[in-house]
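Trainee: Just so you know, the protein sequences line up as chains A and B, in that order. The numbers in my numbering rise by one with no breaks, and the one at position 100 of the first sequence is 100. For my numbering, add 1000 to where a residue sits in the second sequence, where the first one is 1.
Treat the hints as calculated values from the structure; they're not laboratory data. All residues carry an ideal CB built from backbone N, CA and C; glycine is no exception. A couple of the hints might just be wrong.
To be verified - Here are some chain B residues pointing at chain A (derived, C-beta under 10 Å): (1) Leu1026; (2) Phe1156; (3) Trp1160; (4) Thr1168; (5) Thr1280.
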Amino acid sequence: MFEHEDKNMALNEDLQSQIGERDGIRDKLKRMCRENPLAAVSAVVIAIIILMAIFAPVIAPYGEAEQDLINRLQAPSAEHWLGTDELGRDLFSRMLYGSRLSITIGILPSLISLTIGVVAGLAAGYFGGWVDYVIMRVADVMLSIPSLILAMVVMYTLGTSTVNLFIALSMTGWSSVARVVRSQTLSIKQSEYVEAARSIGVGRWKIMFRHILPNCIPSLIVLFTLNVPSAILSESSLSFLGIGVKVPAASWGLIVNQGRQFLFTQPWLCLAPCVAIMIVVLAFNFLGDGLRDALDPYMQR
Amino acid sequence: MKYFLKRVIGTIPVLLGVVLLIFVMLRIIPGNPVVILLGEHYDQATIDRLTDLMGYDQPILLQFVNYVKGALVGDLGVSYKYSRPVTEMIMEALPYTIRLALMAVVFAWGLGLITGIIAAVKKNNFIDRMFMGVSLLGVSMPIFMTSLLLQYIFAFKLGWLPMTEEGTFASMILPAIALGWNSAGSVARMTRSSLIEVMQADYIDTARAKGLRKGAVIIGHALKNSLLPVVTMMALQLSSMLSGAVITESVFAIPGIGRLATTAINNRDMPVLQGTVLFTTVIVIAGNLLADFLYSVLDPRIRKGD
Chain A
1 MFEHEDKNMA LNEDLQSQIG ERDGIRDKLK RMCRENPLAA VSAVVIAIII LMAIFAPVIA
61 PYGEAEQDLI NRLQAPSAEH WLGTDELGRD LFSRMLYGSR LSITIGILPS LISLTIGVVA
121 GLAAGYFGGW VDYVIMRVAD VMLSIPSLIL AMVVMYTLGT STVNLFIALS MTGWSSVARV
181 VRSQTLSIKQ SEYVEAARSI GVGRWKIMFR HILPNCIPSL IVLFTLNVPS AILSESSLSF
241 LGIGVKVPAA SWGLIVNQGR QFLFTQPWLC LAPCVAIMIV VLAFNFLGDG LRDALDPYMQ
301 R
Chain B
1001 MKYFLKRVIG TIPVLLGVVL LIFVMLRIIP GNPVVILLGE HYDQATIDRL TDLMGYDQPI
1061 LLQFVNYVKG ALVGDLGVSY KYSRPVTEMI MEALPYTIRL ALMAVVFAWG LGLITGIIAA
1121 VKKNNFIDRM FMGVSLLGVS MPIFMTSLLL QYIFAFKLGW LPMTEEGTFA SMILPAIALG
1181 WNSAGSVARM TRSSLIEVMQ ADYIDTARAK GLRKGAVIIG HALKNSLLPV VTMMALQLSS
1241 MLSGAVITES VFAIPGIGRL ATTAINNRDM PVLQGTVLFT TVIVIAGNLL ADFLYSVLDP
1301 RIRKGD
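Could you put the whole structure together from the sequences, leaning on the hints where they help?
Mentor: Structural data, given as structure tokens:
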């Protein structure tokens, strides 16, 4: 009796894994955690870093701008885990506070560019014709300008400030999202259930957002996860060049920029934030790769 | 050839779009550019004369048409800061960036291909895992981190190579490695996955069955076909390489295109910025075209498909 049920269940699971599509996103994520521990660990690392950013004032042993001019440029010690900078500020605390800006700049502009990309891609794929032509040519234009240089132009126009940095980074990432959403919309548009929805008089926008968009969500999760590290890298590059975040605000890139003059005497001042950036980017890349394998078998590596 | 011609023509609207976008973006800055240029000490007569001279009193559409006309014959305007033709400044900076990029590409291809092939041959082996781990580390390292690390270790601690650009070959090695490091990671990953895919094809089994050694099969048969995606990726990476050059040129004090753009922003030198952005974008578009062309030469199926 039990044996029989077991067999049935095994058969069922086998069928489900063959169909694949039957699995919800949650099941696929569970499978990813089982089969790809690296991705799971990365997710935990990201969660810890986000928590550290949120609770920075609680964790940080010193204030963000607390100066101690007697103990300037100290080497890492028990008191100052990562040493102090030229104004005697504790580097570890500065990096904790800086993570708030760096992480936010990774996530928020990615969300904005994702939204723009979704709307543009849906419209281009669904309406076709001149709408498609115009949107995709604009996307081509944005993609042909090297992203850092485009962001530099936006910063030149708007002036260097943190808010403008958000705008600059939101403007650069949407075109690749639009391309993916467009191509998926094109294929889903042909499916029978969309035709059925159309035949019973469902409105165009409702079809796009209620019937086509949910099918793009796996790809969108992957794109978002891989967009965050590139936004973080762009921010830190701009801040490193001195055209990003402005003092007194701090981001990891800016701390690197300030510590650069001490590279040969106090190398930890600029290398510690570099390592922090690398860990976050690496974690997001691992997670993104894992998600792509788990959620989106059609997307090429 | 017809296919290629169509692709070339297809880039014209994109190119015009780039010029328009940059042109509009750099001109929606509030305030008269001439006033910004002159700073605090000026009188109305000077402003009027300069505005007239630089054509800022003309309607913006006419300014745009004039700019495009100029750009077509290689005239990108005059620098605010140095009063020199922008084209001349770009041409002076260009050799540095080309040399840097070429050396970076050679490094990226060399390292990436070798590690990618070894990883593919030793699939799922310890060496494979290690190479792929390191390559992901390479992709995830911010380019300024690579630059600063190399500068610290090889120029400062060991003293093997010069700290900054000195016009010699040796002084370009560190910047080229820093710039190529990220690409090397992606070339390695791409080579590995594409080689593994090709190795599963039937003709590989045939070649092995007729008694060819494994090494001969990989080099003679598999590699040729697996290089296709790698070639395309390399051309697409031109864009991120030019972005990266901005950083490496800044760290190693190389007077190239990227450095020109950075200083143009700091000097609020609009014509120079406009010219460099336009120029780099043209390079990127040309690179994509070249990749398409190479792809169709290497893989005849593409031409037939169109």
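Trainee: Hint by hint, note whether the structure agrees.
Mentor: Quick rundown of the hints versus the structure:
no., hint, result
1, Leu1026, "holds (6 Å)"
2, Phe1156, "holds (5 Å)"
3, Trp1160, "violated (15 Å)"
4, Thr1168, "violated (21 Å)"
5, Thr1280, "holds (6 Å)"
Hints 3 and 4 from the list above are not met by this structure, while the remaining hints are.
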